[in-house]
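*Asks:* Sequence:
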Amino acid sequence: MVTADVVNSDEVKEEWNRFLSESENASFASLFDWKAVYEEVFGFKTFYILIKDDKKIRGILPLILIKSPLIGKGSFLISTPYITQSGICLNGFSVDPTPVIDRLSQLIKDCGARYVEIRQIIPFMSDTLFTRKDNFTFQIDLSKGAEKLWEGFTPKVRNQIRKAQKSGIEIATGKDKYFIDSFYHVFSERMKELSFPAYPKRYIESIIKNFNNNSRIILARYKGKIIGGMLLISFSDTLSNPYAATLVEYNSLCPNNLMYWEAIQQGARDGFSVFDMGRSQAGRGTYEFKKQWGAEPIQLYYQYLFAEDEKENREKFFNLEESPLFNIYSFVWRRLPTTVTNFIGNYLVKQLYTA
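Reading the sequence shown from the start, the letters are residues 0 to 354 in numbering that gives the first Met the number 0.
Incorrect hints may appear among the rest.
Keeping only pairs whose Cα atoms sit at most 27 angstroms apart, straight-line, the calculated DSSO-like set for lysine-lysine is [claimed, not checked]: (1) Lys165 / Lys208; (2) Lys132 / Lys174; (3) Lys349 / Lys290; (4) Lys162 / Lys12; (5) Lys155 / Lys222; (6) Lys290 / Lys162; (7) Lys174 / Lys155; (8) Lys155 / Lys290; (9) Lys162 / Lys222; (10) Lys155 / Lys55.
Calculated from the structure, these hints are not laboratory results.
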């Protein structure tokens with residue numbers, strides 16, 4: 000008999016994480032440790048679901064409740080916000096989808112949510128779910144070794160890495176307060192330029208704290224100034240890059256390329272099989288940028304279960320850039336001091352889950 004029950008007690012953490020560590024295509028964002036990050040930093044309510052068959056774990060699903068009066072005036076259950084993919088992990092097991100869908104439907108009712116959004120590499124087989132295929136994650140096979148990977152880069156990528164090196168950009172890796180503060184300064188500046196509120200610094204601090212042995216920050220320094228930063232998280236055989244940023248006025252020096260090359264070399268050196276470069280949409284600049292590195296685009300499936308009164312509107316998704324007020328918002332946001340956008344952004348980002 001298949002069951003799908005919410006288990007929010009830390010008592011199941013070891014069992015949950017062990018199942019993930021034995022699963023193929025499991026995401027670092029599905030680890031039970033993220034529950035503490037979401038609760039400590041954002042105050043989100045979490046619903047961690049264990050899927051069992053005859054009392055044996057056959058799958059897991061972490062869900063985070065986002066209450067957003069700014070987006071469609073409602074609440075949403077997301078797996079998981081601010082991260083490329085998490086979703087339902089079954090590790091190859093086949094389960095009756097009905098109890099899972101029933102549990103999600105009940106959570107929608109209990110939370111007054113408009114829908115559940117599940118982000119994953121392997122789709123959950125249920126005709127009840129509506130699926131979007133807009134996004135891809137990009138993965139590099141590190142088992143080839145750094146030397147072979149270098150040969151597989153396009154000439155443009157190799158030249159840009161050499162340019163950064165010849166310009167005198169220095170690379171450093173760590174995770175203490177200096178690295179967190181330096182990374183966050185660059186990251187928040189870049190987010191402002193993109194007209195998106197930055198996550199609070201305590202979000203980065205909480206990630207480093209809860210994943211201390213599996214996280215690191217790479218910094219790019221030019222003439223004593225930090226001009227780029229990249230957060231890396233490792234899990235199983237994969238080294239992932241959920242967040243990276245550079246100061247745009249230094250992009251002509253190609254610090255981004257040098258940081259990616261450093262991350263690839265570290266991943267290969269440390270024995271990881273995969274470097275995950277994160278999500279991009281086809282046709283976007285970041286999609287083409289990642290292809291230059293020989294990375295393979297992996298389809299992401301964003302699946303939705305809607306509340307009964309939302310089913311007719313299921314193909315209408317909120318997109319900030321399509322809002323008639325976006326141009327005005329963008330113009331004003333980019334001209335505010337970063338201290339102001341960071342302060343306001345700490346409130347706004349809690350209501351946005353599209354990142």
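*Asks:* So, for every hint listed, does it hold in this structure?
*Replies:* Going down the list of hints, with the structure as the test:
1. Lys165 / Lys208: violated (35 angstroms)
2. Lys132 / Lys174: violated (35 angstroms)
3. Lys349 / Lys290: violated (32 angstroms)
4. Lys162 / Lys12: Roughly 46 angstroms separates the two Cα atoms, so the pair is violated.
5. Lys155 / Lys222: Between Lys155 and Lys222 the Cα gap is close to 25 angstroms, so the pair holds against 27 angstroms.
6. Lys290 / Lys162: holds (20 angstroms)
7. Lys174 / Lys155: Outside the cut-off at roughly 31 angstroms; violated.
8. Lys155 / Lys290: holds (12 angstroms)
9. Lys162 / Lys222: Since the Cα atoms of Lys162 and Lys222 sit roughly 15 angstroms apart, the hinted pair holds (cutoff 27 angstroms).
10. Lys155 / Lys55: violated (51 angstroms)
Going through the hint list in order, the structure does not satisfy hints 1, 2, 3, 4, 7, 10.
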